[in-house]
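Student: Given next are the chains, with one letter for each unit.
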Amino acid sequence: MAEYSAFSVIRNALSGNRNWKPAWRKPDPKPSYDVIIVGGGGHGLSTAYYLAKEHGITNVAVLEKGYLGSGNVGRNTTAVRSNYLLPQNIRFYEHSMKLWENLSHDLNYNVMFSQRGVLNLAHTPGQLDEFARRGNAMRHLDADAELMDVAAIKRLMPIVDDSDNARFPIFGGMMQWRAGTARHDAVAWGYARGADRRGVDILENCEVKGFLRDGDKVVGVMTSRGEIRAKKVAVAVAGSTGHVMRLAGIERLPIESHVLQAFVSEALKPILNTVVTFGMGHFYVSQSDKGGLVFGGDIDGYNSYAQRGNLPIVEDVMSEMVALFPSLATVRLLRSWGGVCDMSMDGSPIITTGPLPGMYLNCGWCYGGFKATPASGWCFAYTIAKDQPHDLNAPFSLDRFHRGTVIDDKGQGATPRLH
Amino acid sequence: MLISCPHCGPRDVSEFTYQGDGNRVRPDHASTDIGAWNAYVYDRVNIAGEHNEIWQHSGGCRMHLSVTRNTLTHKISSSTPVQAARPTQKAARKSRTKA
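For the record, the sequence lines run as chains P and F. In case it helps, the working numbering puts the first sequence at residues 1 to 419. In case it helps, the working numbering puts the second sequence at residues 420 to 518.
Chain P on its own, in the form it takes in the complex (with noise of 0.2 Å):
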């Protein structure tokens, strides 16, 4: 029965709302469960919510050292798109996309999807018909996409400068109007009520300090609420793999931790109803319901587990919101943050059984890793429940580095701070 309805909002509201269930217990932890899952963020909460839901795994621990949502979830720019040109990466972020069309309904808890579009500007005739490729290719696939002339961007975007005398005028744009935006922390709060209700334990402040072995085999974790055994442990920690499967064991992996940051302006009238990304450089751009401007850019560059970066990266996004929107200018920055990215050689995931027996991992997720929440857990859980990874996630190998079958979207090579 759906728990958030018109009807309950009306009768919690006559008694005063003093009636609302919490949306997740805090359970202490058991002596063992079927399945732990390391790290509760968006893709480790929507795993545990997809082995309860699509394969009956119910008796599953998801562990997070702080509180939920504190990580990535909570610290992206909450972008949602599948505009990508490998057939591998299409289909993985389609899957996922078709997900996010349902995700509110299915969880019972609004994640404020909004398919307002996100838009890639080109400014270049090259770079746009790079872009008439890139959008070929995702239309080969189901994926939608549609070039737009400047008048078009313009009558979208009042606010964008498309004169002649911009920095780098626009030559045009592919638009994804199937794309958008999410709310980040409901998507956690959603999946880790639908995960609490099926009968998921999730475990807050309880950091992993150690994996209990068996010979090779993982049998289960030391954390900072005692030992907890079981079948099959899966890890999701994104910017802390790392150092987690240090813990494990496991020195090196095609993985880098780099430090991302995020911004958040003031609030302002609706002057953006769209996601929008500059093409000569790295930004992006959203106007959250709350009227601020969400924005990013590159990574910084160098390693980091730091969750805050520097000055110089700050400045570069800045100009390059202004070379875009002169009028901008004067607007206040309220906040800016900095997450840690799990960057991978070739820019791509990986979501894969091992390294170790009895061991799962899901990594590498770059600074992509929101819009691909859903299907993340999707493929993740079947990959627990089934021993094997499914035909979505198959290409997402941890060896694929080895056997020459690297997934290099943008063709940067093995440079994660390109990515």
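Since the hints were made in silico from the structure, they are not lab data. Some clues are possibly wrong.
Pair by pair, the computed Cβ-Cβ distance ranges are [as the list claims (entries may be wrong)]:
1. P:Gly-199 with F:Lys-494: 41 to 47 Å
2. P:Asn-59 with F:Ala-455: 39 to 45 Å
3. F:Cys-427 with P:Arg-213: 48 to 54 Å
Every residue gets a Cβ at the ideal spot worked out from N, C-alpha and C, and that includes glycine.
Fit chain F to the known structure of chain P by using the hints.
Tutor: Same frame as chain P, but now just chain F:
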């Protein structure tokens, strides 16, 4: 973040280019061990703590530096010219030249 260049003194990070992980050791040119080459290209230690890395003072004297920086705090504990920090590789190159 300030990086102390042995030649120019403390300079802002924006003058430097990150050249990546300094823990990687390139296999010998003659090596045909594909696993070792793949590991060199793709695998990283990705330390949460004291990290050895290479920076170039590209907006200054262009010297390549071997830097030890804490990835949890961004505090830099040493920066030296890369040649001085990698005697083994230099020696290896010399011995190859002689041979």
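Student: None of the hints should be skipped; say for each whether it holds.
Tutor: Here's how the hints hold up against the structure:
The beta-carbon spacing between P:Gly-199 and F:Lys-494, approximately 45 Å, falls within the hinted interval of 41 to 47 Å. The hinted range of 39 to 45 Å is satisfied by P:Asn-59 and F:Ala-455, whose Cβ atoms lie roughly 43 Å apart. Judged by the Cβ atoms, the range 48 to 54 Å given for F:Cys-427 and P:Arg-213 holds: they are separated by roughly 49 Å.
Checked against the numbered hints listed earlier, the structure breaks none of them; every hint is satisfied.
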